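Protein chains in written order, with numbering that gives the first Met the number 0: chain A, 0 to 184; chain B, 0 to 184; chain C, 0 to 184.
Check before you lean on any hint, since a few could be wrong.
Which copy is meant is left open, so a pair is good if it fits within one copy or across any two.
Only pairs whose alpha carbons sit at most 20 Å apart, straight line, appear in this in silico DMTMM-like list of lysine to aspartate or glutamate [as the list claims (entries may be wrong)]:
(1) K139 x D40
(2) K179 x D151
(3) K32 x D164
(4) K139 x D69
(5) K29 x D40
Worth flagging that the hints you see were computed from the coordinates, not collected in a lab. Keep in mind it's a predicted model, so treat the numbers as computed, not measured.
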Amino acid sequence: MGARSLVVLLFLMLILSFSSAYQGKKKQYKPCKQMVLYFHDVLYNGQNAANATSAIVGAPQWGNLTILADKFHFGNVVVFDDPITLDNNFHSKPVGRAQGMYIYDTKNTFTSWLGFTFVLNSTDFQGTLNFMGADPIMVKTRDITVVSGTGDFFMHRGIATIMTDAFEGDVYFRLRVDIKLYECW
Amino acid sequence: MGARSLVVLLFLMLILSFSSAYQGKKKQYKPCKQMVLYFHDVLYNGQNAANATSAIVGAPQWGNLTILADKFHFGNVVVFDDPITLDNNFHSKPVGRAQGMYIYDTKNTFTSWLGFTFVLNSTDFQGTLNFMGADPIMVKTRDITVVSGTGDFFMHRGIATIMTDAFEGDVYFRLRVDIKLYECW
Amino acid sequence: MGARSLVVLLFLMLILSFSSAYQGKKKQYKPCKQMVLYFHDVLYNGQNAANATSAIVGAPQWGNLTILADKFHFGNVVVFDDPITLDNNFHSKPVGRAQGMYIYDTKNTFTSWLGFTFVLNSTDFQGTLNFMGADPIMVKTRDITVVSGTGDFFMHRGIATIMTDAFEGDVYFRLRVDIKLYECW
């Protein structure tokens, strides 16, 4: 092989390596980790103290702390500590807890704003994932963001596609969370 | 061109490509996306239910839910769903909604803490941006952070420089938000 | 040196450059910045208005705004503006303020959810850091996340290991925060 063909080969390898580095770093639209989890919210209504996993802690002037407010619950702030399960069965063994808050924040439809953490403690995962985003509840699937993590999810980021999997009046709902992490360390 | 000059050329190209890659990845202080938006907040005061876009939902012991509290509103929690416009006119056609909460959190000056989402739905942008940060209201321009996004803003991050563009007593304010995204996917 | 050994050498260099790029970008488990700070929280109890740095602004139906609620304070929302110091002395000159909120969110143990900002204004650091995460208070050290920053911490991310450094009833606590930033721009 002559010096010239060597240079050409070298040049091709360089181009190849750059383009693969580029794909691998910033334009990676394929998740580096993915999982589906469910969590279950039982709202305190003044009579279910033993079973409730969440409570209204803020309300607008026209509301109170045992019934979600009029006007699509606008202004209600709810704090929660909800069990996370691998399937849609409320009685399955939890693999962690979803902890944080949601806020109803629209007057003319059901919309909430979410800030919470998945604290995972199972054989598969040890660590936390932090979620933030707007949740247009009436839309079938909606994307919120995974902004950070700890433990197995150190420095991870991504998207969570959520779906209301069940809904029973103002007392119970279950969310399906399809977590796709695009930045993994 | 001899083999020697070819190698030199190649070497120069290598250096060039590395430095540009470096700029493009981590030390990119030039935004990859930039936009200026306004949002408008009309606080519920007990009498403006039809027009209000936000409501006090938390207050310290010395406060209530229709008037911002004494001591620079320390402790007030406000939930909002504010229209976003391209210019400073409240009556312009909204391009989205700013949804989330702000908290007044200082006793001796006006300071707030922000956690909210821009839900954009225009011909230019479809997607959400999530904001978080401290807002020293009395400073002319202040930086908060864009921690994540969805849709057109998938995995984006950056800075938002905010400015109080108008202020009418405790009922209305308008914020100018200069969004500069430095990580774009 | 023959053409063959040149190719081998070249190949080795390629592998080396890839692995170092890989370590430098994504698998960097050594902090690029690190600091230890303390912050001090004095909770308003109805009688300490002058000294209090935080106040209960949300409570469940069984609570109120001057005493943390039964059931491990489940549902209490606290807004704070706490001094940050370089050592564990409450009377040391502050280098900034910790501003935001914490929420007690478990019924059967002490757990909180944190969303707050360090506003740093010292000779060493000018800028803000934003924190988010679940805080299992009874655990000796626990990790929350640094999701973003401004100023000297523009686009930074990382982990904060927190420790309860002192605790006096429901009125005072001091947290030690070991901040390790793994993404620095």
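Numbers of unmet hints, in rising order: 3, 4, 5
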